[in-house]
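There are 2 protein chains.
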Amino acid sequence: MFDSANLDHVVDEETYRREEPKLREALLAAQVALGRQARFPVLIVIGGVEGAGKSETVNVLNEWMDPRHIRTYGFPDPSDEERERPRMWRYWRALPPRGTTGILFGAWHSQPIIDRVMGRIDDARLDQHVDEILRFEQMLADEGVLLLKFWLHLTRDQQRRRLEALAKSPRTRWRVTDLDRKYSRRYDRFVRVAERYSRRTSTAAAPWIVVSGANANYRNLTVGRTLLAALGERLGTRRPPRAPGRTPPLLPSVDRMNVLRALDLDRAVPAGRYHRALEKWQGRLALLARHSKFARTGVVAVFEGNDAAGKGGVIRRVTGALDARQYRGISIAAPTEEERAQPYLWRFWRHLPRRGRFVLFDRSWYGRVLVERVEGICLEEDWMRAYGEINDFEQSLIDHGLVVAKFWLAISKQEQLRRFREREKTAFKRFKITPEDWRNRKKWEAYERAVCDMVDRTSTHRAPWTLVEANDKPFARIKVLKTLCAAIEERLDTA
Amino acid sequence: MFDSANLDHVVDEETYRREEPKLREALLAAQVALGRQARFPVLIVIGGVEGAGKSETVNVLNEWMDPRHIRTYGFPDPSDEERERPRMWRYWRALPPRGTTGILFGAWHSQPIIDRVMGRIDDARLDQHVDEILRFEQMLADEGVLLLKFWLHLTRDQQRRRLEALAKSPRTRWRVTDLDRKYSRRYDRFVRVAERYSRRTSTAAAPWIVVSGANANYRNLTVGRTLLAALGERLGTRRPPRAPGRTPPLLPSVDRMNVLRALDLDRAVPAGRYHRALEKWQGRLALLARHSKFARTGVVAVFEGNDAAGKGGVIRRVTGALDARQYRGISIAAPTEEERAQPYLWRFWRHLPRRGRFVLFDRSWYGRVLVERVEGICLEEDWMRAYGEINDFEQSLIDHGLVVAKFWLAISKQEQLRRFREREKTAFKRFKITPEDWRNRKKWEAYERAVCDMVDRTSTHRAPWTLVEANDKPFARIKVLKTLCAAIEERLDTA
Chain B
1 MFDSANLDHV VDEETYRREE PKLREALLAA QVALGRQARF PVLIVIGGVE
51 GAGKSETVNV LNEWMDPRHI RTYGFPDPSD EERERPRMWR YWRALPPRGT
101 TGILFGAWHS QPIIDRVMGR IDDARLDQHV DEILRFEQML ADEGVLLLKF
151 WLHLTRDQQR RRLEALAKSP RTRWRVTDLD RKYSRRYDRF VRVAERYSRR
201 TSTAAAPWIV VSGANANYRN LTVGRTLLAA LGERLGTRRP PRAPGRTPPL
251 LPSVDRMNVL RALDLDRAVP AGRYHRALEK WQGRLALLAR HSKFARTGVV
301 AVFEGNDAAG KGGVIRRVTG ALDARQYRGI SIAAPTEEER AQPYLWRFWR
351 HLPRRGRFVL FDRSWYGRVL VERVEGICLE EDWMRAYGEI NDFEQSLIDH
401 GLVVAKFWLA ISKQEQLRRF REREKTAFKR FKITPEDWRN RKKWEAYERA
451 VCDMVDRTST HRAPWTLVEA NDKPFARIKV LKTLCAAIEE RLDTA
Chain F
1 MFDSANLDHV VDEETYRREE PKLREALLAA QVALGRQARF PVLIVIGGVE
51 GAGKSETVNV LNEWMDPRHI RTYGFPDPSD EERERPRMWR YWRALPPRGT
101 TGILFGAWHS QPIIDRVMGR IDDARLDQHV DEILRFEQML ADEGVLLLKF
151 WLHLTRDQQR RRLEALAKSP RTRWRVTDLD RKYSRRYDRF VRVAERYSRR
201 TSTAAAPWIV VSGANANYRN LTVGRTLLAA LGERLGTRRP PRAPGRTPPL
251 LPSVDRMNVL RALDLDRAVP AGRYHRALEK WQGRLALLAR HSKFARTGVV
301 AVFEGNDAAG KGGVIRRVTG ALDARQYRGI SIAAPTEEER AQPYLWRFWR
351 HLPRRGRFVL FDRSWYGRVL VERVEGICLE EDWMRAYGEI NDFEQSLIDH
401 GLVVAKFWLA ISKQEQLRRF REREKTAFKR FKITPEDWRN RKKWEAYERA
451 VCDMVDRTST HRAPWTLVEA NDKPFARIKV LKTLCAAIEE RLDTA
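Protein sequences, first through last, are from chains B and F. Just so it is clear: in the first sequence, position 439 is 439 by our numbering, and no numbers are missing. Just so it is clear: in the second sequence, position 105 is 105 by our numbering, and no numbers are missing.
Derived by calculation from the structure, the hints in this document are not laboratory data. Be a bit skeptical, because a hint or two may be false.
Since the list can't tell identical chains apart, any single copy or any two copies may satisfy a pair.
Think about it this way: if two alpha-carbon atoms lie no more than 30 Å apart in a straight line, the pair counts; the simulated DSSO-like pairs of lysine-lysine are [said to hold, decoys possible]:
id	residue 1	residue 2
1	LYS442	LYS473
2	LYS22	LYS442
3	LYS293	LYS168
For reference, chain B alone in the conformation it holds in the complex (with noise of 0.2 Å):
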């Protein structure tokens, strides 16, 4: 994996002198390219061993390129707000919108590593890890961002060598910290875990560019050299033009039996003890969120469901038994400029709850897999491998010990038809009806296709699907803050 940056690259000043003026001139113009066109964005990720020159290599990119199109990042202990979200925010957090450059350092990668060579965890642990990534970065490459991992190397004498000269100088002492002593220390150890590591991580949409960094100018024109490569490339090849989503066609199913055929909607309270069994609900929900080992854990619910299926009145049921500043409700609708700029699941990352708190979605990711697919707002590809990113994204909420709690509210055709009517009929309801309404219910079965799918592909262990008869309200109501509460009190037990 290293035996290439073993070898003694030099490149002297003098074709240094020459070359660089170019390169950066080249670089530049490609900067103004990717910022013209803004149609992904550049994510350069620097590793590498100590001492092998990685700030000096990132601030050599800053000064060819324009500052102000380049946001860079370290990642030093996380703040508490990063600590109480799930540990890839803070990357979410860092990625570059299209047509900027993200420079990242270490970014997901170094602490697998760190805590490997440290024996904090174990080849299975960091094998966990290295799944998570290798998913998270083809979904990164999925969604159009260019992504570069550079690895720095040394040799082991080259390292001793370079760590000595940083200390001896007034001027860079500083940066030579006892971490760095002791991972030079540990040098043999770090090489055989780094190098397994970015083996495993090496992948066709993201292979580690592995450079010497023993000669600065050799470091630079590599690295400078690769990026402009594989920018000019980018910036080249234009998408193919997005055509519309083609829904695959239908299984031939023997039955017409299906998860939501197999619902009886009607299902209802009887008249009279809706409101005890509200205020029981409610109260146990109440209780919940006020336990004190709720504080370490959190929840964000899902709210989806057909037109008029009532989502916001149970979500306000939910939120009724709660204090306000323990919930946020996300009414996702179009995604804004700024979200638009980002990967899909950016939107939903941003509004991830500290421990301790609510976050309740109407309407969700699984936008992707219903009316993306349905309407072909998206290709068929983006949707199919949405399943999968959804299930890794929940997955992480998971991880972090939050509960993750999916509703799909059913009702039939005739009901929905009974509600659009009566909303057109009342006066401050008739702007929940529109003509979009009336179109999708044209497709109602097309939907309960994609309904199915989505329960079928993600509905797992740990994020079940919950469908929800709700013909009649009262019955929908109860049966979310039931499972709901379910939901905690299990949580809490293991918690």
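Dock chain F against chain B, hints included.
What follows is chain F alone, placed relative to chain B:
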């Protein structure tokens, strides 16, 4: 101030059951109109004495209206990301976008009152807070925010009974903290301070609405109806269509002298001296940025200037001395959709650095009094008030211990022409020169006038403008580096 709230206000159950549904429906309808007009945000501040039902009131509002379009914020101890930024940053973070409602517990009012009650600050310091807050709220009002400040009050006896009741019930005992008890022991002192404070912070734009919290029915109906009335009024009154701004007549100047014309734009660095000087001052800046004391401060630098004055080049010479992890370059272009939904300064607050960092603005909040004034993008009343708002903004940065450095890069009209022509020749610089640049050039005098006004009105002792003679690029770069170093050194001496 609290007299009428000290009376016994009671609404009986029957009346409440009759009035509540009507109010609720009206509020929901108003909220819908608010969202669809999306002309202004609603900001509700809930303050008052402990036990007066602040949480209950907010929960009721969330229950009555659609919680998906309301964001509620409490302000416990600031997170470290908040502590590392100016005091008001956490409140800017919580401002609701147009068309939505934000409910803030105590907001920027709690801390000053509590600090005064606890004797941590004296009346003089409290008055400073009051002044800052008055200007802040005036700015919000001028920006079109519908600001409602409710003060929920209780008499001494009412509070004692209330806290006793809460402490008795197991379901509410958790809510009565020792702190509450401490406050209640200090009731008289608290109310005396609060009285003075709320009187000082009651303005025409945003008066305190004092409501007795003793009777829940009365409290809820009063708050709800006040909100409904305010909403109804604002939704009804369209603001005057934004007429194009008029620049005031230029003062008849006896001579043609002004701060710009007083500059000798051709000052230059003797050929051959530039590179040594650059190395010297970049070295100095590099060391200052790593000074142990620097971790306690930070730099906000603003770069404005004529088109083609060389801002980008100057900024690159500054960043060239820094570690890429330590600075952000922010290039200010048209605001994004999310930024347009907020008060003018929001888009700059969001970029403020944590301690020990640099943020370099290429163009800045001064666009308000430059391009927006000259091009008539905003009304005269808007850019006229901007001078004061900007001074307040920069003062809060300085109070936080940040260095604020502002540079105007000035070139002659002839030199600009030369550079425009040159840019049109060079292939990859052509993107830098647009028809707009030529248009702006025609308005040279108007811009000159705007710059002079800007300097006169916003160059303060702690945040002075540095006018940079920039016909000679090397001279401009060295002068900026020198000035920046001096400003940081001065800051470190006093730190």
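* Against the structure, test the hints numbered earlier, and report the numbers of the ones violated in rising order. => 2
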